[in-house]
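Trainee: Given the coordinates of chain A, work out where chain B should sit on it, guided by the hints.
Going line by line, the protein sequences match chains A and B.
Using the numbering used here, read the first sequence as starting at 1 and increasing by one per residue.
Using the numbering used here, read the second sequence as starting at 1001 and increasing by one per residue.
Warning: the hint list may mix true and false statements.
[Said to hold, decoys possible] Simulated crosslink set (DSS-like; lysine-lysine; CA at most 27 Å straight-line):
id: 1; chain 1: B; residue 1: Lys1041; chain 2: B; residue 2: Lys1020
id: 2; chain 1: A; residue 1: Lys140; chain 2: B; residue 2: Lys1041
id: 3; chain 1: A; residue 1: Lys140; chain 2: B; residue 2: Lys1011
id: 4; chain 1: B; residue 1: Lys1020; chain 2: A; residue 2: Lys140
id: 5; chain 1: B; residue 1: Lys1041; chain 2: B; residue 2: Lys1011
[Stated by the list, open to error] From the derived model, a few chain A residues whose C-beta atoms are all more than 12 Å from chain B:
id: 6; residue: Ala74
id: 7; residue: Arg117
id: 8; residue: Glu150
id: 9; residue: Gly183
id: 10; residue: Ala241
Just so you know, these hints were derived from the structure itself, not from any lab.
Using N, Cα and C, we set each Cβ at its ideal position, and we do this for glycine too.
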Amino acid sequence: MRIGVVTFPGTLDDRDALRAIAQVGGEPVALWHGEDSLRDVDAVVLPGGFSYGDYLRAGAISRFAPVMERVVDAANGGMPVLGICNGFQILCETHLLPGSMIKNAHRAFICRDQPLRVESTASAWTSEFAEGEVIRIPLKNQDGQYVADERTLAQLEEEGRVVFRYVAGATHGPEGFEENPNGSRHDIAGVRNERGNVVGLMPHPEHAVEPGFGPDEPGRGTRTGTDGRRFFTSVLGSLVA
Amino acid sequence: MPRVVVHVMPKPEILDPQGKAVAAALPRLGFEGIASVRQGKRFELELEGPADEAALARVREAAETLLSNPVIEDVVAVETVEEQA
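Here chain A stands alone, though its shape is the one from the complex (with noise of 0.2 Å):
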């Protein structure tokens, strides 16, 4: 299965993504910002990062790049589509995912291994999980406050769509950002769209995928995480079903 992960000017997790899908067994295709083709990928990462400096608001350019007209196509016909960090502020700005991201509440860079709840099995991205399930992976973000009108979050309540809601556990952050690293709307972390096939999430899956390179476990040991495996042992299972 071959898994695309686009590299914009300023994206600086493209390679890690790329390992990543290697390390499941998938096949890693890099795809570039400025090209017209997905080169016959089954699937797509936006990975995180800096695009375009994030000049104008984080996503806002990338949004335009001629791929993403590749990719907008495809994700409307079902291809599932991961938008990690700074690529799930394309997917908001390219209006596949509702909301949008803007400054952590308390304005400061954070990074942290972060706890999150999986509210959301029915994905393309997250079938191998277990629903209630809390896994832990990296999180690093300055812009990743997601908003949404009451409307649109009521919605994404009621149709279960948020897909990763943060929770207690962080072993450090600012005072009253313990459980949710940003101030999100209703601790949301990740949604997905209505078929599934669609995801964003602000922490950082293809962080954890490598026992002494991933997040510290808590009374597991240091850097042995591998929360992360399951993004995309999940998407090779939807592709083959």
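Mentor: Frame of chain A; chain B shown alone:
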């Protein structure tokens, strides 16, 4: 060349962390009496042709499409600036 200025502000119901940071810094510098601050963006667009209704309509469209994100921001004003002599 005529210039059009577009003003974009965070929606009133959206928390504005940058504005809050500025508001918190003002009294530290001795600027008292300012109850709150909201921070927006100002874009200056130079037009190649005249700033007629058609051109302004295109600018408004650009303002709603790229210059602002309607989920979190409002385009509060689109105004033509007189050419300097």
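Trainee: Now tell me, hint by hint, if it's right for this structure.
Mentor: Against the structure, the hints come out as follows:
1. B:Lys1041 - B:Lys1020: Cα-Cα ~15 Å, so holds.
2. A:Lys140 - B:Lys1041: 26 Å, holds
3. A:Lys140 - B:Lys1011: Holds - the C-alpha atoms of B:Lys1011 and A:Lys140 are around 26 Å apart, at most 27 Å.
4. B:Lys1020 - A:Lys140: Satisfied, since the Cα-Cα distance of roughly 22 Å is no more than 27 Å.
5. B:Lys1041 - B:Lys1011: Between B:Lys1041 and B:Lys1011 the Cα gap is close to 12 Å, so the pair holds against 27 Å.
6. Ala74: 22 Å, holds
7. Arg117: 24 Å, holds
8. Glu150: 9 Å, violated
9. Gly183: About 7 Å separates A:Gly183 from the closest Cβ of chain B, which leaves it inside 12 Å; violated.
10. Ala241: 33 Å, holds
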